[in-house]
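Go by the hints and put chain G onto chain Z.
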Amino acid sequence: KAGVTQTPRYLIKTRGQQVTLSCSPISGHRSVSWYQQTPGQGLQFLFEYFSETQRNKGNFPGRFSGRQFSNSRSEMNVSTLELGDSALYLCASSLVGVSGANVLTFGAGSRLTVL
Amino acid sequence: AQKITQTQPGMFVQEKEAVTLDCTYDTSDQSYGLFWYKQPSSGEMIFLIYQGSYDEQNATEGRYSLNFQKARKSANLVISASQLGDSAMYFCAMRELAGKSTFGDGTTLTVKP
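Residue numbers (our numbering), protein chains in the order written: chain Z, 1 to 115; chain G, 1 to 113.
Same shape as in the complex, but just chain Z:
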């Protein structure tokens, strides 16, 4: 059973550019959530999608957006990149969105460096 796949694994961008990250969840998982991890801020929740709908959103500016497709694959986009956006972006999928019991299975992450 394939795990959660994130692409690209590493990328370098310059300030002002935009970036799109992709996440393919485990087959059958309909909930996908995104997290930003930085040394200073720890693991911060970005948003969660379930059945193509954004159900939860963290406290990030509108430059951060996402979407989920009918096959549960998800993308997140960051526009007008800032130096502070340099981080490890983790995607996680779970079986069913509405439950406190669902284990998150994480991908390996996309490491973004903004110069």
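Derived by calculation from the structure, the hints in this document are not laboratory data.
Hints are not guaranteed to be accurate.
To be verified - Simulated pairs of lysine-lysine, BS3-like, Cα-Cα distance not exceeding 30 Å:
1. K3/G - K57/Z
2. K57/Z - K73/G
3. K100/G - K3/G
4. K100/G - K57/Z
5. K70/G - K57/Z
6. K13/Z - K57/Z
7. K16/G - K100/G
Just so it is clear, the structure is predicted and the values come from calculations on it, not from any experiment.
Showing chain G alone in chain Z's frame:
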């Protein structure tokens, strides 16, 4: 708002000994899940153990056990018989019914030979 507090930025333990990583949480929800994840230097988050808010017994998974004290809102992770491969960062997390997860700042565990 949900909050997870891990007060130990770093911990050391001797190989083969047990170690407890602390976690306290704050929530107004009655139903929630508590999780521990391990993040090795490679970066990938690995699920270790889960405890539901209505579970009366402490969860165990091999060498991992979760010491759940609901009244104190604590969910400490106990690792028995530490191994060198246990050296990693450990995150406590809480998942609310609506699906959002909140993570603590993590504890870096170093196992000494």
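Consistency of the hints with the structure:
no.: 1; hint: K3/G - K57/Z; result: holds, 16 Å
no.: 2; hint: K57/Z - K73/G; result: holds, 25 Å
no.: 3; hint: K100/G - K3/G; result: holds, 12 Å
no.: 4; hint: K100/G - K57/Z; result: holds, 8 Å
no.: 5; hint: K70/G - K57/Z; result: holds, 27 Å
no.: 6; hint: K13/Z - K57/Z; result: holds, 25 Å
no.: 7; hint: K16/G - K100/G; result: violated, 36 Å
When the structure is compared with the earlier hints, a violation turns up for hint 7 alone.
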